[in-house]
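If you read the sequences in order, they're chains A and B.
Residue numbers are given in the numbering used here: position 587 of the first sequence equals residue 716, and the series is strictly consecutive.
Residue numbers are given in the numbering used here: position 113 of the second sequence equals residue 114, and the series is strictly consecutive.
Quick caveat, the hints were computed from the structure, so don't treat them as lab data.
It should be emphasised that the depicted structure is a prediction, and the values quoted were computed from it without experimental measurement.
In this text, a Cβ means the ideal position worked out from N, Cα and C, and glycines have one as well.
Keep in mind that the hints are not guaranteed to be accurate.
Said to hold, decoys possible - Below, a list of computed lysine-lysine pairs in the DSSO-like style, where the Cα atoms sit at most 30 Å apart:
1. A:LYS293 to B:LYS28
2. B:LYS409 to A:LYS294
3. A:LYS294 to B:LYS155
4. A:LYS610 to B:LYS491
5. A:LYS293 to B:LYS500
6. B:LYS28 to B:LYS155
7. B:LYS500 to A:LYS620
8. A:LYS294 to B:LYS28
9. B:LYS155 to A:LYS293
Said to hold, decoys possible - Away from chain B, derived, C-beta distances all over 10 Å, residues of chain A:
10. SER312
11. PHE321
12. ALA326
13. GLY346
14. HIS613
15. MET617
16. GLY702
17. ILE734
18. LEU744
19. PRO756
20. LEU757
21. VAL763
22. LEU779
23. GLN794
24. VAL807
Read off the chains here:
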Amino acid sequence: MATGFEGIAINAWLVWILPFAGAAIIAAVARSGHRIRDYTAVGFALASAVSAATLLPLALEGTEVHSQVNWISSFGLKAGVLADPLAIVMTNLVAWISFLIMVYSTGYMHGDRDLTRYWFFMLFFIGSMQLIVMSDNLLMVFFGWEGVGLASYALIGFWYYDRKKDYVGREGHVAGGIPMWTSPTHAGMKAFLMTRAGDTMMLAGMFLIFMHAGTFGFKELLEDPSWAFAMSQQNLLVPAAVLLFGGAIGKSAQFPLNEWLLEAMTGPTAVSALIHAATMVKAGVFLVARIGPLFFALGTIGAFSTEQFFEVVAWVGAITAFLLATQALVNPEIKKVLAYSTGSQIGYMMMAFGIAGLSLNFVEGYTAGFFHMMSHMMFKASLFMGAGAILHTVGSRFMTDMGGLKKPMRKTYIFMLLASLSLAGAPLFTSGFWSKDAIFAAVLDSGYAYSWPLFIVAVVVAVMTAFYTFRMVGMAFFGNKSKHIEEMEQKGHHVHEAGRSMLVPYAILAVASIAIGVVGFVFEAQIESLFAAYLAESFGIGEEEGGVHIAILPEGDRTFFGLHPIAAAASVGAFAVGGALGYLFYIARKANPQIISRSIMTRAIWKFLYNRWYLNTALYWGGVILPLAVYRFVWRYFESTIIDGMNPALQYSMTYMSRIVKGGQTGITQTYLFVFAVGIMIIMMLLLL
Amino acid sequence: MAETYFLLAATFIPLLLAPIAYGIGRKLGVNIATWFTFGALAVSTGLLAVPAIAIYNGSQQVYSESYIWGQFGNFGLRLDGLSLPFALIIYILCTVLALYSKPYMVHKVSEDLPEHKAGHGSGATGQRDESGSHDNHNGSSSQLTVLETDQRVKNQMALYFSLYLAFSMGMLGTVLSTNLIEFYVFFELMLVPSFFLVAFYGYGARRRIALMFFFWTHVGAVVLLLGLLAMGFFAGGFDFDTIKANAANIPAQWLPLIVFALVLGLGVKLAAFLLHIWLPYAHAEAPTPVSALLSPAMIGIGAYGILRLWLELLTGSYEQYSIYISMWGLSTMVYGGAMALMQDDIKKVLAYSSISQMGYILFGLGSESILGITGGTLMYVTHGLGKAILFMMAGSIILQTGTRSMAKLGGLAGKMPYTAVLAMIGALTIIGIPPTSGFMGEWILFSGVLQTAVADMDPLRTTMFALGILATVLSSAYILWMFKRIFFGKIPEELAHVKDSNRYITATMGVLAAMTLIIGVYPDLFLAPINDYIGGMFEGHEGVLPVPVHAEGAENRMAVEPVITTGVLAEAAH
């Protein structure tokens, strides 16, 4: 274990400092020309990625770097980076995918007049995310945490002039009195406030830990677990963990704070790719990956239960996965389908991390969750960038305005298809298949009392995932040209293939997700051994010799490529059923999706899903309209009447008093003398008495 | 130690130079007067910084100067961990805002001149017609009038700067004083120039509002005076040291009354819930640089008073009433935030936001933990910087667009990029987002509140914590919504040719923005002295929870020794 601020530790610091440095100078660089500015931005992202890559050998060796400097000396808090295998793998994923998205941005955003601001926030975004990944304590994590929140606010509302074409949602769509189409700045604000609500929970959890441990550091928390004993005696350990998870719920758009993610599509598509693949929503997943083993190890060592925490994580994940998958089935906007799918897939990851803590084989669930995050990062970034390429040329976000793009955008079609297959979980050659299957297997192996309901939810979601993925591909690329495209072509615009700077990034990621899929079995085993070593080394989970042994069960019988038979069958089955339906309706176009409008029942279901289960409606009525009505009432009848009324009241009472007193000032001598005499008499009587 | 006069000089240089500033302003013009005022304040700030640096280095805990003051005891000036943040922020804001005043006040004063009013008919609201531009107000007048106008502007500005200097002195004197009477005198001294500043240079019904401002804060001050006198008589002297030593002599039946008088009197200054009558008007209608001083610097002195006069001098009675202070703070926080959402006037949003922020401070002061009180004090610093930036933004908007009604604004981010960016930093400071100092204040404050709640297993305090931390979402809401209405969305046609403000405005905002970022990343600059001092203040008081410490050197890896090692913290938690 290396410590101190030298050698390789500097690289660990540079990973997150470089993007911030780039952001700091980008405005100055912009003066010397646009081209230089763009190269500088991409260059800093690359530099950060390179310094992340230099850490990789450490992860493979299973060692770690922990470097600290003094920070808030009043409370004895230190700032530091902790480059352990988890952080190193994560930071590389983030850095390289972000770099590809930055390259893509040079093409996608070409010619935008506010590009300097764009680069600033993109670099700021990447830096903040890397800060979350590399930090060795919760307080610094929170710096990054709010940094990604701020960057997403600024980038979702990037086109702040709120033109109609930047809105999301179908214009005029109202659900339960709430408009469902949203301007960019509104969406940015919504994202900020909703994640902020989650952040308050996270802060509360952090404070609980801090007041018992006196530190925020992950290492320190693990070294001296006396705080955990004190907390578990007060029944505070699980609440603290759940509160921390509250932050992840907000950032990763899990139920019930999922609504912001769907509106976050107002930003440039490259931003969506960054939010969904590399940064923002993955921050929550990473936080769970960070604190999950900590609480698991503490619980096992201290023989107190942290199970409820993992149960919460698993079920929140399951609910979100189901909820958002159903909504994705009916949405007509390509980016929104992808957004729903992100929330849903993150639900899978949460489910896996939750199940890890509920089973005796922590490593299996943990690896499954992380593996799914890796594959999701790749295929989702690729899909978003591909969708961006389509948007760029078609000029509409609605899939009903696309159609028949297979020919004119052949390359985009191929790469998006590959990434889509990964999302749908096409058996054996896609990374999505292997990682999803690992989650299924982990759930089945867990021995958790309710593992079957969880498994059934997971399989149902997989069916829906396959269906909506094929629906998306079918609607965009197959069938006839839509009216919109025909009109465009009449005007002389032609649908064309994306430029190289855009095409190459998503091609790389799509191919990578297939390449990992082809060697999926080996790759999964690799990650598993990496994490097994990490968890054993850092947390004593599954450690064989010496110390306290936190046992892990051996895996079940895995003869065929290490696949769990039931899990694999379910996974293949889900792909087959969902994929077949999607193929039938949208690719082969043998059946007309309009059939749902024939029956009242199906129409009602469609409407319910299309209105997002009315969650957004409930959120606005309860969280915006009602409080505002109350405030307005108070404003009108308390602040403006009573409080403001004090001034005139005072003034009039004074005037009134003066009028009374003035009444005595008659100027008639007789009256004065009379009053004077009466006074003298009263005083004399008082004295005599 | 050799006799030094840093504090005396720092306090009175502005006052002594005030008449000179007036003369310079009349004779030599606005530019020189501005830089003269700036120079006087900068030198004073420098003088203040000398002992401040000594305290920060740890070479000195307290730096004080004391002079015999007849029957009242000693006239002392004292810089310690508690007054340091207040004093520095007050003078830094005063210095920076002196420069900011120049373009803003010249504009304001010329706008108020009778010729201008006659020419454009923009009534007492002080809002410029949309059609007019800055400098054609004397377009139709003769050459003579131009000269006359020019001289009148000079005169007005000269008066402004001399009042401004006196105002600065009053605020600094209050936080440095070491004697109850002295405290009261300075407390009232800062009121007088601010009254004139509002009455002469304000907007709307300014004389009326200035009177209202004067009346309410003066009533508060009189209630405070009653408390101070009672304290002094029972303790047998007005010096803080005497009172602290003899606090036990105050009869138990009088103590609640005294505390009540102190908190009520200072609560008016703080504009706490129900006592905030004057604030929305005074802040909204004062000239913007003065709003930027009134709001963050002046009203926070109420919090300083509570800390110094009650928490420090009458420590014994603190725990008894702290919960009510917290409740009051919470209601102020929520109320101010809720009302801020209802406003259309930018400056009113900021005024209600100040009320809300004062609620945060009170919330922290009532927390019964070192962390909470430290956080509350740091909140003064961060609110001072953040709110000043936002008021400066409001000024910049008024200057460039001539309106402060958000219904008439929109989409200005592209037209006024510097103002927008710097104001965003100020907004983040108020919301409490890292890396601004706002986050540092807030997390320390709220963790202190939670610490007490959990340690006492108090459901009331726990509920209050939950509501309090949710109120931060409310703060984010009104700030972001204000931002959206000013800077985002479609730009109204009449604002299509708006330009950004000049360097006097953007550079001064930039200085404060840089400070909030620096403190946000490296809070020790202010935190270390505050925390040390407040820790010392409550030494030996078991009811006030200490800062949690991490048991350093506990090298046993958890795997080795799974025995319950009940540390200091586990003890403290019971």
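Inset, instruction - Would you check the hint for LYS28 of chain B and LYS155 of chain B, treating anything up to 30 Å between C-alpha atoms as holding? - result: holds (8 Å)
Inset, instruction - Could you check that no beta carbon of chain B comes within 10 Å of the beta carbon of ILE734 of chain A? - result: holds (34 Å)
Inset, instruction - Take a quick look at whether LYS610 of chain A and LYS491 of chain B sit within 30 Å of each other, Cα to Cα. - result: Given pair LYS610 of chain A, LYS491 of chain B is violated - Cα atoms ~34 Å apart, limit 30 Å.
Legend entry - Beyond 10 Å from every chain B Cβ - status for LEU779 of chain A: With a cut-off of 10 Å, LEU779 of chain A comes too close to chain B, as the shortest Cβ separation is near 8 Å.
Legend entry - Status of the stated non-contact between GLY346 of chain A and chain B (beta carbon gap over 10 Å): violated (8 Å)
Legend entry - VAL763 of chain A non-interfacial with respect to chain B [C-beta, more than 10 Å]: violated (7 Å)
Legend entry - Interface exclusion of GLN794 of chain A relative to chain B, criterion Cβ beyond 10 Å: holds (25 Å)
Legend entry - Least C-beta distance between LEU757 of chain A and chain B, which was stated to exceed 10 Å: Violated, since 7 Å does not exceed 10 Å.
Legend entry - 10 Å cut-off, C-beta based - SER312 of chain A kept clear of every residue in chain B: Violated: least Cβ distance 8 Å, not greater than 10 Å.
Legend entry - Distal placement of PHE321 of chain A relative to chain B, Cβ over 10 Å: violated (6 Å)
Inset, instruction - Please settle this one: GLY702 of chain A was flagged as non-interface, so is its CB more than 10 Å from every CB on chain B? - result: Answer for GLY702 of chain A: holds, closest chain B Cβ roughly 43 Å.
Inset, instruction - Verify that the Cβ of HIS613 of chain A lies farther than 10 Å from every Cβ atom of chain B, and report whether the claim holds or is violated. - result: With a cut-off of 10 Å, HIS613 of chain A remains clear of chain B, as the shortest Cβ separation is near 26 Å.
Consistency note: the structure conflicts with the earlier hints numbered 1, 3, 4, 7, 8, 9, 10, 11, 12, 13, 19, 20, 21 and 22.
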